[in-house]
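Generate the whole structure from the sequences, applying the supplied hints.
Number of protein chains: 2
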Amino acid sequence: MEVDKVVCLPRLSRVAVCGGTHGNELSGVYLVRELLKEEKKAMEEEEEEEKPVSVVLVLSNPWAIQQCRRYVKTDLNRCFTHASLNGPLSDSAPYELIRSKELNTLLGPKGSPEAVDLVCDLHNTTANMGLCLIAYSDCDWICLHTFKHLQASTSNIPMRYIHFDVPKEESYSLDSVGKHGFAMEIGPQPHGVVRSNIYTAMKFGVQHMLDWVRFFNSGTIIEGGFVDVFTMVKHIDYPRDSETHNIIAAIHPQLQDRDFCLLHPEDPLFQTFSGETLRYKGKEPLYPFFINECAYYEKGIALSLARKRRVMIPAIRVQTEQEQQASEQGFGSEEEE
Amino acid sequence: MEVDKVVCLPRLSRVAVCGGTHGNELSGVYLVRELLKEEKKAMEEEEEEEKPVSVVLVLSNPWAIQQCRRYVKTDLNRCFTHASLNGPLSDSAPYELIRSKELNTLLGPKGSPEAVDLVCDLHNTTANMGLCLIAYSDCDWICLHTFKHLQASTSNIPMRYIHFDVPKEESYSLDSVGKHGFAMEIGPQPHGVVRSNIYTAMKFGVQHMLDWVRFFNSGTIIEGGFVDVFTMVKHIDYPRDSETHNIIAAIHPQLQDRDFCLLHPEDPLFQTFSGETLRYKGKEPLYPFFINECAYYEKGIALSLARKRRVMIPAIRVQTEQEQQASEQGFGSEEEE
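Chains as they are written, first to last, in the UniProt record's numbering: chain A, 1 to 337; chain B, 1 to 337.
Errors might be hidden in some of the hints.
Pairs involving identical chains hold if they fit within one copy or between any two copies, as the list cannot separate such chains.
Here are the simulated lysine-lysine pairs, DSS-like style, with alpha carbons at most 27 Å apart [said to hold, decoys possible]:
id	residue 1	residue 2
1	Lys-299	Lys-37
2	Lys-299	Lys-73
3	Lys-308	Lys-41
The set of hints was computed from the structure by calculation and includes no laboratory data.
In this text, all values refer to a predicted model and were calculated from it rather than measured experimentally.
Right, dumping it as structure tokens:
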């Protein structure tokens, strides 16, 4: 790829902003409710006018939201694989499986031309991760440009781009239903709690994401650059009692809250409940994240580890209508300026 | 009360340390499990010997612990009123009501001479409260001396004594089953998460509490002094939508995490989800605590407010056997040195 090439990409006409995919991650729940209120007010006050982007606001798991729980029967955000979405639905199917198919109808169908152009799914974590975009791709220029724009905006919250290197057909989360998509994950915030600073950071993130989409749709060439991408390498579980499977150690105090600070071999990893220090035995220094995330105790994840690399992203602009028609007929989508 | 008087109090022969009264407050769960493990090991390694104090270790709500939830059907820590403990038990009684009666049999009966001498019930909060002892009395010298001892110990965690001014017959929490009792409440920690620093602070608190009980039982005169007591005055709920009852504001960022910092009239209290600041309209400066505690959203409490006053506590010593017998027969228990 040469730096002077501009990649032309289809217009982002429909964007979904989803909150409450996990019902006790409250920033997204209250932000989507607030945006719904604003939308209602705007509709009452103004004439309907042609918008540069249509925003679909979704409360993903209303039953879990009502109970302020992550999920009712099973984790909704693991239900969006092709296999699950296209499989049969028995009478005893868990609520979240039914709901995932409803959401796929509303925002997808996943993988089809009818799917929304971009899904931004709002999440919170108890880990000290700041604002992260989590995506399945390290070469989705829409996701990476959105991130680059957020990072360039004035905010006092640290931002990172996390890449889960999962094959497209195995992608499982709500954001995978859109043509592009990411989770916007912000912490630290206890689940079941809303903290003003985290809510404000999420509001900021969503507003700047939508601003960027409008800017992109306006036809301006958006210059390229570099983005640090953290690609997930592996998860580490808590040390556990072999009989009871109960955890026998917590994250070491020297590691707690130090997400994205390089973890070196022999650095303290856990502190057992009797006071002993357990060290990181990996051979490669890696970047820890999701350190002590509440919801991952049941998934057997005490922290995840990532490799960091710098990704060059090209200049992009939105396709003209003619280009889009040509592209849909199978012609190329890159041009030289 | 004159300063040179020494108050003689009955021996503290049996102390209960309880964890998991709320099943997702994990420091107490893991600490009690660790202490049970140590107890088992000590029993295997040593001859049974006469202990200066007998410690009963309890996991209060095993079913909630297993599910990592605060409670299964109803808040166990509101089930210990005399009325509830002595009322009938229907077939459809919630689990926690059944369990409260079991615990009353094990540690009480509440109000009887058979009750354990001291209950230390371990709790966590998402609020930035440090270590607090919460008790129903501001003149229970055992509770206040324990607190004074903890505060004098070397620890980098701030400590406060909170007094809930509830009539004895209305006391509702597990710690009210003992002759003396308090909750040891430590935060900030998200529910469902265990943080090393909070676990270590709790371990420190329990060890020093037990050290003090042994010291008291040894017969030494323990000198008096002063303790700051925060007496709860009132609770404040979140602003709510009149139709949906959903909250429409979060704790203001200038108040969040500032537990026990004096709140003055007109100080910022909430920030609405549209960004507006709501101020404290009370006329008296008061001390906020339990600011943004996760479990109190459902109870309609955004924060509690307290008045602070300095309480003088007398020197105490344990009664001799003769004194204890005399005291049980109705004679006085104060002496001049």
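Against the structure, the hints come out as follows:
{"no.": "1", "hint": "Lys-299 with Lys-37", "result": "between (35 Å within a copy, 26 Å between copies)"}
{"no.": "2", "hint": "Lys-299 with Lys-73", "result": "both (15 Å within a copy, 25 Å between copies)"}
{"no.": "3", "hint": "Lys-308 with Lys-41", "result": "neither (44 Å within a copy, 45 Å between copies)"}
The structure shown violates just one earlier hint, number 3.
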